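Q: Protein chains in written order, with this note's numbering: chain Z, 1430 to 1920; chain D, 1430 to 1920.
Quick caveat, the hints were computed from the structure, so don't treat them as lab data. Since this is a predicted model, take the numbers as computed values, not measurements. For glycine and all other residues, C-beta sits at the position ideal for the given N, C-alpha and C. Hints are supplied without guarantee of correctness; some may be wrong.
[Claimed, not checked] One-sided and incomplete, this derived list gives chain Z residues near chain D with beta-carbon spacing under 8 Å:
#1 1442
#2 1458
#3 1527
#4 1534
#5 1538
#6 1756
#7 1826
#8 1829
#9 1842
#10 1874
#11 1885
#12 1894
#13 1900
#14 1920
[Claimed, not checked] For lysine to any residue, the following SDA-like pairs were computed, each having C-alpha atoms within a straight-line distance of at most 25 Å:
#15 Z:1505 / D:1540
#16 D:1505 / Z:1491
#17 D:1505 / Z:1505
#18 D:1505 / Z:1654
#19 Z:1505 / D:1482
#20 Z:1505 / D:1538
#21 Z:1622 / D:1536
#22 D:1622 / Z:1655
#23 Z:1505 / D:1914
#24 D:1505 / Z:1828
#25 D:1505 / Z:1739
#26 D:1505 / Z:1501
#27 D:1505 / Z:1715
#28 D:1505 / Z:1531
#29 D:1505 / Z:1846
#30 Z:1505 / D:1537
#31 Z:1505 / Z:1491
#32 Z:1505 / D:1542
#33 D:1505 / Z:1655
#34 D:1505 / Z:1542
#35 D:1622 / Z:1505
#36 D:1505 / Z:1540
#37 Z:1622 / D:1539
[Said to hold, decoys possible] Where chain Z lies over chain D, by a calculated footprint (3+ residues, C-beta under 8 Å):
#38 1578 to 1584
#39 1846 to 1856
#40 1910 to 1917
Number of protein chains: 2
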Amino acid sequence: MTAPASTVIDTPIAEVDAFIGVAEAASTAWRAATIAERGEALRAVADGLDARADDLVALAGSETHLAEGRLRGELKRTTFQLRLFADVLAEGSWLDARIDHPDADYPMGAPRPDIRRQLEGIGTVLVFAASNFPFAFSVAGGDTASALAAGNAVVLEAHPGHPQLSALTGEIAAAALSAAGAPTGIFTVIHGKDAGVHALRHPSIRAAAFTGSIAGGRALFDIATSRPEPIPFYGELGSVNPAFVTRSAAAARGAEIAEQFVASVAGSAGQLCTKPGVLFVPTGSGVVDALAATVLPAPAPLLNDGIASGFRRSLERTAQHADVAVLTGSPVAESADPAPALLRTTAAAVIADPEALVSEMFGPAALVVEYDDEAELVTAARLLEGQLTATLIADESDAIAAELLPVLATKAGRVLWNQWPTGVSVTWAQQHGGPYPATTAVGTTSVGTAAITRFLRPVAYQNLPDALLPAALREANPLGIPRRVDGVLRA
Amino acid sequence: MTAPASTVIDTPIAEVDAFIGVAEAASTAWRAATIAERGEALRAVADGLDARADDLVALAGSETHLAEGRLRGELKRTTFQLRLFADVLAEGSWLDARIDHPDADYPMGAPRPDIRRQLEGIGTVLVFAASNFPFAFSVAGGDTASALAAGNAVVLEAHPGHPQLSALTGEIAAAALSAAGAPTGIFTVIHGKDAGVHALRHPSIRAAAFTGSIAGGRALFDIATSRPEPIPFYGELGSVNPAFVTRSAAAARGAEIAEQFVASVAGSAGQLCTKPGVLFVPTGSGVVDALAATVLPAPAPLLNDGIASGFRRSLERTAQHADVAVLTGSPVAESADPAPALLRTTAAAVIADPEALVSEMFGPAALVVEYDDEAELVTAARLLEGQLTATLIADESDAIAAELLPVLATKAGRVLWNQWPTGVSVTWAQQHGGPYPATTAVGTTSVGTAAITRFLRPVAYQNLPDALLPAALREANPLGIPRRVDGVLRA
């Protein structure tokens, strides 16, 4: 079951260079492969992972301390995602194929030539794996799936929190890709921070994707953008995911809201990028009493020591703020496995010092904010940094909702109504990304089918003979895909 | 006809801050405006410019030295573009509306919630105007049109090469927007480099667009990406636009190729970002003789002194290379108005020193490169930096074409066959942008309808009551736009 020890030592720099060289050649062949070939290869990876599910889940459990049920669910999500991208490829609108026929009387004032445009793979993509989803945001996760689907080679830096699992997943994926006929070297796992940073600076790397902390992500973003040839860096960094409870909702169902909020905060020991970290509730409402009376989950081990010490630091920093008190749970480190905690403050304090109080605590903790007037919700929302999600717990008759929703839409990539932000569904309409620091590329998502767009670039062909055009752009539409022809979308 | 002198002094920093403050409020209102309202306002700007065409063209001529015919054509293109974006708005697929209905049996392993996603305006956009298209890439040009269409406020730094024209265009546009009911301050023109750089650092600026030199664009890109909150920077910087003539094409129609090439090089005195700056031809072919015998256009004034001195520097640098000779014309500055020039070298020299030889000369000059073997074309193409365009002059029976085209597609945003790259049509399928340094954002275009995407960001709404959803996402599809519903595109 275990991967050979040699695969989890740091990858030597010379080997990184060699991998990237092979990946460059592989990406050329892969970009030229048919959509069907690419789709089959993605399905083969999914099948390979499913066939080794027991081994993978056991190894993941031993390296991450996540519960088996959660890990099995995550693996299912991961293989679903790989197969979904195969479906996406076949459907074909990801190509954004556009055909403009020649027009001698084009009203622009000059004849229009024949121009045909599609999206194509960007080259070799560097992916930095995340710690908290050892399957879905790691070796064979969403970034890898979407980058491979787009026709790129992938070099992935394993997260040091689950090196053995990363090595095994990488072996399974590479073997499945190879058996499905994908070019040699289309997917490589490397280990070690130096290896990853070296790869990020390599001229053959054309884009990078990252999921992790603000500090780590920003450092890599700065490297990517200060290269002689800057490259797109798709970082999903941090988010507090504020939730706002209106007065009427709190009055109608305070206990239910409290229960659901705690479940969302404490799931996966709070180690989710969409964990609701701040909850605005009316002063004196039943929600606070219900939260204070909540039996919090028992202390649980976090993913690794780095996450645990980071959590304790952020929790203590918030707890020591002059305007913050403990609502329930323990705000200090009592053991190696941190206990859940809820802190409390007021909306006035948040409005006075948003930077200190609305700050991510990556682990099982959250800040409950009491407000006197619903207008404070709008004021506080306007002070927010960029978020992955923002949640409104409200009734349709609440006047504040219509005022608050457009503000939340400018702050977050996903706005929820009477549901909680954890549990990110992989769908066509999903959006996982928001203004900085939620993401470094505000127009993009790292979950859902639109994630493929990050690793594509447009190429227009002018006046080409039909036989020399890419298949998606030939007059007869041999792929049978949706296209925009002379401005008209034909699905 | 002239704008008041007070509008062309540098904008004081305090005034820049005030403009941005008003723009922020305006963008909130504008984002909430209907598609029809935004479209009407764009058409009003076009009408306003058309009504003042004589004044605008005269002023542009006096400030840029461009010919009246060229300027009238460019203004027509500019107003066409504004109206095209109004059409784009109404068509609605720019919203990329996606609806996933709830699905209790979603095969991901967890129920799928109701998620609906659209693209929305990003906020206030800063545009840096270009020198060489005083209409189409300046105050009311493509960046402004697409950013306003997307629902954003625009603050535009005028190019110092045509300050009076910028002021007048800005007045006409602002008056038309206001008369059409757009919010006050939705569009402001500022003057001066300090004003522009200050604006680029302002936290309320959410994206920036630029067309100009590599050095200038990179400096601004570095500012944009090193902000505490980095923002997208859409820079269109520089391009050599190589053209490759196969042996058979050169043999069949050498004189015609030479004539078309010179016309493309010398149009607008070579001051076009898509000017073909390097032409590969077979050694000893008739193309070179035809080029040597060409009567080049007379010296013409360039846009301004900065452009003229930059052109002379780049031309002299290339001409002084040990492997470069003069083919025809003058490689040195004989007067204030530079004479056109064609230089010559060999493919072997280019392959040995691509950086020095494949380098933009912004003005009426180009480098003719003689090759012995068509395989050298592929080798040279692989060494290219990113380009806006790459051109292949060939016959369909040329074996080299199938080999060269996929390489050119990785290097350029637009690949042409037996046509020349100057004259960029504004269409649905156009692509004006390529890998760095052609653009700083490889996945985007600054010409054509897809340019609107640069100034949009996705927002997903989960479980919202229908009445609180944006119009594009309501169940009944009140806008009648194309949408993806449960994964199926419905045009």
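Q: Which of the stated hints cannot be reconciled with the structure, identified by number in ascending sequence?
A: 1, 2, 4, 6, 7, 8, 13, 16, 17, 18, 19, 21, 24, 25, 26, 27, 29, 33, 35, 37 and 38
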